[in-house]
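Participant: Produce the entire structure from the sequences given, and follow the hints as far as they go.
Protein chains: 4
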Amino acid sequence: MTTSGGQVDRSTLEDLAAASRILVDQGVFDAAGHVSMRHPHHRERFLMSRSLAPEMVQADDIMEFDLDCNAVDPRGRNGFIERYLHGEIYRARPDVMAVAHSHSPSVIAFGLTDAPMRAMYHNAAFLAEGVPVFDIREQFGLTDIVISTAAKGAALAQVLADKSVALLRAHGMVAVGPSLPVAVFRAIFTVTSAAIQHQALALGGPLAALDAEEGRLADVVNVQTVGRSWDLWKKRVMR
Amino acid sequence: MTTSGGQVDRSTLEDLAAASRILVDQGVFDAAGHVSMRHPHHRERFLMSRSLAPEMVQADDIMEFDLDCNAVDPRGRNGFIERYLHGEIYRARPDVMAVAHSHSPSVIAFGLTDAPMRAMYHNAAFLAEGVPVFDIREQFGLTDIVISTAAKGAALAQVLADKSVALLRAHGMVAVGPSLPVAVFRAIFTVTSAAIQHQALALGGPLAALDAEEGRLADVVNVQTVGRSWDLWKKRVMR
Amino acid sequence: MTTSGGQVDRSTLEDLAAASRILVDQGVFDAAGHVSMRHPHHRERFLMSRSLAPEMVQADDIMEFDLDCNAVDPRGRNGFIERYLHGEIYRARPDVMAVAHSHSPSVIAFGLTDAPMRAMYHNAAFLAEGVPVFDIREQFGLTDIVISTAAKGAALAQVLADKSVALLRAHGMVAVGPSLPVAVFRAIFTVTSAAIQHQALALGGPLAALDAEEGRLADVVNVQTVGRSWDLWKKRVMR
Amino acid sequence: MTTSGGQVDRSTLEDLAAASRILVDQGVFDAAGHVSMRHPHHRERFLMSRSLAPEMVQADDIMEFDLDCNAVDPRGRNGFIERYLHGEIYRARPDVMAVAHSHSPSVIAFGLTDAPMRAMYHNAAFLAEGVPVFDIREQFGLTDIVISTAAKGAALAQVLADKSVALLRAHGMVAVGPSLPVAVFRAIFTVTSAAIQHQALALGGPLAALDAEEGRLADVVNVQTVGRSWDLWKKRVMR
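Chains as they are written, first to last, in my numbering: chain R, 1 to 239; chain Y, 1001 to 1239; chain W, 2001 to 2239; chain H, 3001 to 3239.
Bear in mind the hints are in silico, worked out from the structure with no lab data behind them.
Since the model is a prediction, treat every value here as computed from it, not as a measurement.
One or more hints might be untrue.
[As the list claims (entries may be wrong)] In silico lysine-lysine, BS3-like type, Cα no more than 30 Å apart, as pairs:
| hint | chain 1 | residue 1 | chain 2 | residue 2 |
| --- | --- | --- | --- | --- |
| 1 | W | Lys2234 | Y | Lys1235 |
| 2 | H | Lys3235 | R | Lys235 |
| 3 | W | Lys2163 | Y | Lys1234 |
| 4 | R | Lys163 | R | Lys234 |
| 5 | W | Lys2163 | W | Lys2234 |
| 6 | Y | Lys1163 | Y | Lys1234 |
| 7 | H | Lys3235 | W | Lys2234 |
| 8 | R | Lys235 | Y | Lys1235 |
| 9 | Y | Lys1235 | W | Lys2235 |
| 10 | H | Lys3234 | H | Lys3163 |
[To be verified] Quick look at which bits of chain W chain Y covers, simulated, 3 or more residues with Cβ under 8 Å:
| hint | segment |
| --- | --- |
| 11 | 2056-2069 |
| 12 | 2118-2131 |
| 13 | 2204-2212 |
[Stated by the list, open to error] Restraint-style ranges between C-beta atoms, simulated for each label pair:
| hint | chain 1 | residue 1 | chain 2 | residue 2 | range |
| --- | --- | --- | --- | --- | --- |
| 14 | Y | Gln1007 | W | Glu2044 | 58 to 64 Å |
| 15 | Y | Pro1178 | W | Thr2225 | 28 to 34 Å |
| 16 | W | Asp2231 | H | Arg3075 | 53 to 59 Å |
| 17 | W | Thr2225 | R | Gly227 | 38 to 44 Å |
| 18 | Y | Glu1044 | R | Thr149 | 27 to 33 Å |
| 19 | H | Gly3227 | R | Arg10 | 48 to 54 Å |
| 20 | R | Lys235 | Y | Thr1003 | 53 to 59 Å |
| 21 | Y | Gly1006 | H | Arg3239 | 47 to 53 Å |
| 22 | H | Arg3075 | R | Ser11 | 26 to 32 Å |
Cβ atoms here follow ideal geometry from the backbone N, Cα and C, with glycine treated the same way.
Facilitator: Right, here's the structure in full:
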């Protein structure tokens, strides 16, 4: 039996539940999508909602999993099938403390074509390092697209490598960060940057996107000031 | 006189009325649009709202029709002119248990051109089998576009054939399913997939859409997990 | 002094005020836009809100004007500068009972280029007769764009001719109808049809838009069934 | 120590706080964005919110700064890093009484390409004089994009020159005006005009945009009638 990483503050569970509702409120999640965080006291555990529409997630819906995605104390609750996407990223990326996965339309479009996503502005600075595309066909052939096994999660984590965002062909995206607010921030501004890029590409000509060094510098500011956005986003979903 | 298929549970009528309001809340219906279900106890009857804006439909607005689209117990209520679209699909497709018809802008665009709709992601997996376009001119010449007779409904059902979605040129779309939640799910994600396809085509190059086998596999998951979305959608319109 | 066309039912004033708020609620008007109706008892008078953001219009804001756009009983209230657009259309078009004028973005785009608006679907059937573009420069040279005189209003009415909708270059559109609900309906679906046409044109190839005869036939149905939409729209803004 | 420009009416502070919330309500600001005004009694002071999400700004959050961007009476409150953008524009442009800065997606697209923004309609008349693009790389090389020093603010003010709006490459825009309502109006209609221009350019062919003289004439009307829009916008955020 999997042991718990220890008691988690109620406010931490409430933040994670709020993150789920924030990503709905900000138009990143629809009736699907999930966000998780590494256990604050145990690096080989992570916290994630039971299988539930993200708009409905509350603190009591948060479950604990080990990195093999076994639930610590399920009490009859079912995890998302795709929790392997989260578990394998935590295993592969010690720096990652939170993961969000969505099916955002403007982003999916980039996963279906050869046009690379780029960082359209400073808020999307973390995209300047490059946005890899995971095509499940390459390793697994014709599937139901779902990241339903540890092997599929690990393959995705390998494509993500050291980046902040990866696209999943015909599926969606994953955004990661060194904290829950930063992962949420990145998910939100990946969607906005994609929308800008659609418009900018339609205007034609070269795009004066952020280059890698500008992105690196601007993301430092994003991470420093994320609290200002997080406070607003949280307040909106706590009403 | 047409006989009734029998008493229907109040909760079934409430679900069908909720489906109508869900399709408004999810941006599929505007001031028009209608959704129906086959009678749970009689395969040659179906249930559908009286002629009313879909946002206003309540359980008491649900009427019963035979497959010739005669009302069983009208009590002064008028059915939608286009109920023939529903009746003829139930007649032609024994597997279909629910039908939704909308005028969704992003989808109409595909019915006006030669660009075929394709499945942009797993949630729209049911589109991977192909999306036929019904052009009423081919059999009926210049008309008012409305599916106002059994003959027109039957012609549409013939074009739909064994597919899940058909487009109606200069009119809208129809989505069908083996249950009410699945038909609603398909209507919603047809609209989203169309929006993604507009963006992906604008990016240029080949589209790595779902192929037919991926679509078949992914739709199994959609059907299995539709309850999670349905619960949210219903909760939103019951507030 | 201009004499009144007679007492108007309170419910008529409330409908006209509701029409103003409906066009905001349906995304046709923003902080600007105005809708008027011919006086029900006097063909040479019309009713229109005082100069006020359309979302704020109530029955008591409705003023009466003659066709020269003199206020009958201003009581300190100021009419919109552009009331001449309304007055001159009522003068030129005996069949018109209501006029709406908006600055809808998706429609303005068509007034700036040579691409003609066409009827993308049956709800926009009234566009199939053609959508003329009024360019104020042709007769008046470089102006402030505003339809601020009878001469400018008459020039616009001449371009509108016997059509249902005209575009104003770098300004907006005007939609007219044989009743208030029909004019409102036409304003709403002109905007939607424009949005569809943007998407359909981007798909490339020929557009299977409604032809003139289909448009004529389909608009009969629109006019017959407009009450169903109107009831919903009004209910939404009376909440 | 910096001295105050004097006591400011509570209603002025409330208007400035409302302006911040208006720009959120109207879709110009997201979780970021700031708007300032010149001190009503001292030309070398300006008023601006402490660093806070714009949707949350209230009158008590307004701080006073000198043109070097030193806070007069911080009382523990922190100003936005980018207040230098405001201070240097007030220094360079004696006619400017208010400044708004946003990261609006439809506008950012124009700052990334060679396509110049133009005035698509009379409400965006102030764009007809031209919309310069500030690229921070030209003078400062690879940076974090933020206008975090007086030198950067001054460089932006120099590019803005005598115009109403400037774009910041990979960042956003700045809109200025002779009063707070006019600056807010310009920020709002810059975004709308950008959206129209995206659609109009996609239609192809020459754009019959406002020319410079039409723009000059039409902007006089905008400034005269801005109160009608302002009243609505303010009422919406005071609910």
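Participant: Does each hint hold? Answer for all of them.
Facilitator: These are the hints, each one checked on the structure:
At most 30 Å may separate the alpha-carbon atoms for a hinted pair to count; Lys2234 of chain W and Lys1235 of chain Y meet this at roughly 25 Å. A hinted pair counts as satisfied when its Cα atoms are at most 30 Å apart, and Lys3235 of chain H with Lys235 of chain R qualifies at roughly 22 Å. Between Lys2163 of chain W and Lys1234 of chain Y the CA atoms are separated by roughly 43 Å; this puts the pair beyond 30 Å, and the hint is violated. With a C-alpha separation of about 26 Å, the suggested pairing of Lys163 of chain R with Lys234 of chain R holds against the 30 Å cut-off.
With a C-alpha separation of about 26 Å, the suggested pairing of Lys2163 of chain W with Lys2234 of chain W holds against the 30 Å cut-off. Our distance criterion of 30 Å between C-alpha atoms is met by Lys1163 of chain Y and Lys1234 of chain Y, whose separation comes to about 26 Å. Restraint check for Lys3235 of chain H and Lys2234 of chain W: satisfied, since their Cα atoms lie roughly 22 Å apart, inside the 30 Å limit. A C-alpha spacing of about 22 Å is found between Lys235 of chain R and Lys1235 of chain Y, which places the hinted pair at or below 30 Å, so the restraint holds.
Restraint check: the Cα-Cα separation between Lys1235 of chain Y and Lys2235 of chain W comes to about 22 Å, which is no more than 30 Å; the hinted pair holds. Our distance criterion of 30 Å between C-alpha atoms is met by Lys3234 of chain H and Lys3163 of chain H, whose separation comes to about 26 Å. Residues of the segment 2056-2069 of chain W with a Cβ under 8 Å from some Cβ of chain Y number 0, which does not satisfy the need for three, so the listed coverage is violated. Only when three residues or more bring their CB closer than 8 Å to a CB of chain Y does the claim for the segment 2118-2131 of chain W stand; here the count is 6, and the claim holds.
With a cut-off of 8 Å between beta carbons, the segment 2204-2212 of chain W has 8 residues touching chain Y; three or more are needed, and the interface restraint holds. Taking the beta carbon of each, Gln1007 of chain Y and Glu2044 of chain W are about 60 Å apart, inside 58 to 64 Å as hinted. Checked against the hint of 28 to 34 Å, the pair Pro1178 of chain Y and Thr2225 of chain W passes, with Cβ atoms roughly 31 Å apart. Roughly 55 Å separates the CB atoms of Asp2231 of chain W and Arg3075 of chain H, a value that falls within the hinted 53 to 59 Å.
A C-beta distance of roughly 53 Å is found between Thr2225 of chain W and Gly227 of chain R, which places it outside the suggested range of 38 to 44 Å. For Glu1044 of chain Y paired with Thr149 of chain R, a C-beta distance near 45 Å fails the hint of 27 to 33 Å. At about 49 Å, the beta-carbon gap between Gly3227 of chain H and Arg10 of chain R stays in the expected band of 48 to 54 Å. In this structure the supplied range 53 to 59 Å holds for Lys235 of chain R paired with Thr1003 of chain Y, their Cβ-Cβ distance being about 58 Å.
At about 50 Å, the CB distance of Gly1006 of chain Y to Arg3239 of chain H agrees with the hint of 47 to 53 Å. Checked against the hint of 26 to 32 Å, the pair Arg3075 of chain H and Ser11 of chain R passes, with Cβ atoms roughly 28 Å apart.
Of the hints listed earlier, those the structure fails to meet are numbers 3, 11, 17 and 18, in rising order.
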